[in-house]
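*Asks:* Fit chain X to the supplied structure of chain L, relying on the hints for placement.
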Amino acid sequence: MVDARKLRLNLESTLDSVEAAELIVQRMAELNGFDEDEVHQIGMGVRETVANAVKHGNCYRPDKTVSFDASIDEVAFQVTVIDQGLGFAPDTVRDPLQGENLLMDSGRGLLLMRAFFDEVDVGPCAGSGTRVRLVKYRTKGAGRTTQEEDR
Amino acid sequence: MSLSTAIRDVAGVTVIDLSGRITLGEASGKLRDTVRGLLASGVKRLVLNLGDVSYIDSSGLGELVSAYTTARGQGCTVKLLNVQAKVQDLLQITKLYTVFETFEDEATAVTSF
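Protein sequences, first through last, are from chains L and X. Position one of the first sequence corresponds to residue 1057 (our numbering), numbered consecutively onward. Position one of the second sequence corresponds to residue 49 (our numbering), numbered consecutively onward.
I should point out that these hints are in silico values taken from the structure, not numbers from a laboratory. It is possible that part of the hints are untrue.
Computed cross-link-like contacts, DSSO-like style, restricted to lysine-lysine with a CA-CA straight-line distance of at most 27 Å [said to hold, decoys possible]:
#1 K78(X) x K92(X)
#2 K1111(L) x K1062(L)
#3 K1111(L) x K134(X)
#4 K143(X) x K1111(L)
#5 K78(X) x K134(X)
#6 K1120(L) x K1062(L)
#7 K1111(L) x K78(X)
#8 K92(X) x K143(X)
#9 K78(X) x K127(X)
The following block holds chain L by itself, in its conformation from the complex:
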């Protein structure tokens, strides 16, 4: 029997992998009680993450793969995506919401990840590449302590 709460894959650096990752997490989210809007948001956030890994990280190179790890528990849906690229510093990305940057024809992927997930951590991976960890809580604020919510 397939466990719809945990999945680990090595994806090829192709657009098909982007489509597959989106469909997989959407199905996992559906099967585990996330509502329609959340399923859409999870799918889109993961799509943007894997697309960045395939396109900007691995540059579509067939000799490089994308590590994809998704898990769901009572608290949250977590996804970790690791590419084998040269690394990426998120603070070097121009803010797509500022002034002339609104007219950039790229650079909105990270913005969408942050809009659709509660936590987005981007950093270097041991060795090489970039590791992106996404967390979406089942309900807003879940996973925090009562004390934190009272602040």
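*Replies:* Just chain X now, with coordinates in the frame of chain L:
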């Protein structure tokens, strides 16, 4: 679902009816080629009808912006028609609602130029 396009002329305004998803890869390329082809033929008033566009990713948003800026550089105005709720949300998140003029009915869009 791939992207399909159909081009119409409505009272001197060119309308592109788009259907499907505008995402990284072939779909974004198809939108780019369609818009650039129309610009090359001298179109100056262009409406992108997104009524049957169910999904746009960041690459698709970039392609809409590229269409807007490329057209503007050639003296053409691009406006959006029938933007669906989830795409409207993206325009809000990205503040692209401040860039694009959007309409809910075709007649108003066409007469707005």
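*Asks:* For every hint, state whether the structure bears it out.
*Replies:* Each hint, compared with the structure:
As the CA atoms of K78(X) and K92(X) are separated by approximately 20 Å, the hinted pair is consistent with the 27 Å bound. As the CA atoms of K1111(L) and K1062(L) are separated by approximately 25 Å, the hinted pair is consistent with the 27 Å bound. Distance restraint check for K1111(L) and K134(X): the Cα-Cα separation of roughly 25 Å lies within the 27 Å cut-off, and the hinted pair is therefore satisfied. For the hint linking K143(X) to K1111(L), the alpha-carbon distance of about 25 Å falls within 27 Å, and the restraint holds.
Restraint check for K78(X) and K134(X): satisfied, since their Cα atoms lie roughly 21 Å apart, inside the 27 Å limit. For the suggested pair K1120(L) and K1062(L), the alpha carbons sit about 23 Å apart, so the restraint of at most 27 Å is met. Restraint check: the Cα-Cα separation between K1111(L) and K78(X) comes to about 19 Å, which is no more than 27 Å; the hinted pair holds. Restraint check for K92(X) and K143(X): satisfied, since their Cα atoms lie roughly 25 Å apart, inside the 27 Å limit.
For the hint linking K78(X) to K127(X), the alpha-carbon distance of about 18 Å falls within 27 Å, and the restraint holds.
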